[in-house]
Amino acid sequence: MTEAWIAVAVIGAATIALKGAGTVVLGGRPLPARFDAVVALLAPSLLAGLVVVQTLEGDDGIALDARVAGVAAAAVALILRAPLLVVLACAAGVAAAARALGAA
Amino acid sequence: MEASTIMPDEKADCLRRGRRDDSALARPEVLAGARAVLPIAVAATAFGVSYGILAREAGMGVVAPIVMSFTTFAGSAQFASASVLEQGGALAAAVLAAVLLNLRYLAIGISVAPSLRGPLVRRLAEAQLAVDESWAIGQENGRVMRGRVVGAGLMLMVGWCGGTVVGVIGGGALGDPSAYGLDAMFPALFLALLVGLVKDARAKRAALTGALIAIALLPVAPPGVPVIAAVAGALIAARSRS
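In the order they appear, the protein sequences are chains A and B. Under the working numbering, read the first sequence as residues 1 to 104, first letter to last. Under the working numbering, read the second sequence as residues 105 to 346, first letter to last.
Simulated from the structure, these hints should not be mistaken for laboratory data. Be careful, since some hints might not be right.
Pairs of lysine to aspartate or glutamate residues, derived as EDC-like cross-links and limited to a Cα-Cα distance of at most 20 Å, are as follows [said to hold, decoys possible]:
| id | chain 1 | residue 1 | chain 2 | residue 2 |
| --- | --- | --- | --- | --- |
| 1 | B | LYS308 | A | ASP59 |
| 2 | B | LYS303 | A | ASP36 |
| 3 | B | LYS303 | B | GLU244 |
| 4 | B | LYS308 | B | GLU244 |
Derived DEER-like restraints, expressed as beta-carbon distance ranges [unchecked claim]:
| id | chain 1 | residue 1 | chain 2 | residue 2 | range |
| --- | --- | --- | --- | --- | --- |
| 5 | B | VAL262 | A | ALA17 | 36 to 42 Å |
| 6 | A | VAL25 | B | ALA305 | 38 to 44 Å |
| 7 | B | GLU190 | A | ARG34 | 26 to 32 Å |
| 8 | B | ASP304 | A | LEU101 | 37 to 43 Å |
| 9 | B | VAL269 | A | ARG29 | 37 to 43 Å |
| 10 | A | ILE62 | B | GLU190 | 43 to 49 Å |
| 11 | B | LEU316 | A | VAL24 | 29 to 35 Å |
The beta-carbon is built from N, C-alpha and C at its ideal position, and this holds for glycine as well.
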């Protein structure tokens with residue numbers, strides 16, 4: 001019980017600090033132009049990283065499972081310019097179907 | 105009365121752009137964020153339930169996991185720390201796993217900071233709502249729409265924390281959310297928003313480099329590191345010409 005509360009306090013404080021550090025350090029000031037370019041590119045690089053990790057991360061490195069089928073279906077929906085809701089439904093539906101058919 | 109000197113729609117436009125030194129949020133933008141994140145919030149709720157069940161099994165009790173969902177408010181870190189504790193691992197290992205997974209919030213916090221308005225306390229509070237999904241939904245033409253992040257973040261918080269409450273109190277009826285493919289919705293959301301962002305050569309380079317770094321590190325680096333390392337894609341692309 002105590003161990004759980006220490007984990008809640010320490011992880012909570014660390015996460016709040018990580019989320020807030022940019023706000024404290026950058027203040028409300030506009031960024032210098034050079035830094036601005038990097039910040040604008042944070043979104044595509046980080047989103048790409050999140051796509052890769054949340055599609056492929058397994059217990060032991062890379063795992064190819066039903067998520068890959070789901071994200072591939074989402075990619076097809078995106079190419080066909082489907083609205084976001086349809087894209088998400090394709091991802092969930094195909095991943096669920098793949099699992100029902102026996103994929104991990 | 106400054107408000108009376110500008111037309112109402114002009115004022116709304118200023119708020120939408122977040123240009124004025126005004127901490128008031130544009131309501132339509134907040135609602136747009138909440139609406140856009142709704143399907144993802146449903147998935148987050150289901151995972152909140154399974155987190156609550158896991159935390160209970162890990163011996164965290166009822167109140168601590170709920171408090172953690174409000175304060176830490178980061179699914180992967182909470183799952184990781186509860187798993188370590190559930191397997192009888194050391195407290196330090198649980199903390200380390202969670203902090204590594206949340207290192208990406210340093211980058212997300214920097215990305216969202218220039219868009220925040222108002223006094224420091226308010227900006228810090230809004231920064232807490234910038235989680236992966238709400239931050240992603242706030243993206244528009246290379247900048248972050250603050251109102252959308254807040255609306256989406258609040259919606260996700262309701263789902264994640266509400267799900268946690270159900271899970272710790274004893275909900276197990278839903279079963280594994282992955283069986284419904286809900287885990288595939290998160291990368292699909294990030295992919296959809298990424299497609300809208302990579303309009304020029306530099307953004308494409310940043311995304312491609314980030315993805316390659318993440319793939320290369322996945323088999324060797326501890327969880328959390330591949331994502332934060334993907335940020336190097338932004339640094340490399342910023343140095344490149346055009």
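Hints and how they fare:
Our distance criterion of 20 Å between C-alpha atoms is broken by LYS308 (chain B) and ASP59 (chain A), whose separation comes to about 29 Å. At roughly 17 Å between alpha-carbon atoms, LYS303 (chain B) and ASP36 (chain A) fall within 20 Å of each other, so this suggested pair holds. Restraint check for LYS303 (chain B) and GLU244 (chain B): the C-alpha separation of about 11 Å stays at or below 20 Å, so the hint holds. Pair hint LYS308 (chain B) plus GLU244 (chain B) holds up; C-alpha atoms about 16 Å apart against a cutoff of 20 Å.
VAL262 (chain B) and ALA17 (chain A) have their C-beta atoms about 24 Å apart, which leaves the hinted 36 to 42 Å range violated. The hinted window of 38 to 44 Å between VAL25 (chain A) and ALA305 (chain B) is violated, with their beta carbons roughly 30 Å apart. Judged by the Cβ atoms, the range 26 to 32 Å given for GLU190 (chain B) and ARG34 (chain A) is violated: they are separated by roughly 46 Å. Separated by about 40 Å at the C-beta atoms, ASP304 (chain B) and LEU101 (chain A) satisfy the suggested range of 37 to 43 Å.
Against the hinted window of 37 to 43 Å, the Cβ-Cβ separation of VAL269 (chain B) and ARG29 (chain A) comes to about 40 Å, which satisfies the hint. Under the hint 43 to 49 Å, the C-beta atoms of ILE62 (chain A) and GLU190 (chain B), about 24 Å apart, miss the expected range. In this structure the hint that LEU316 (chain B) and VAL24 (chain A) lie 29 to 35 Å apart at CB holds, the actual value being about 32 Å.
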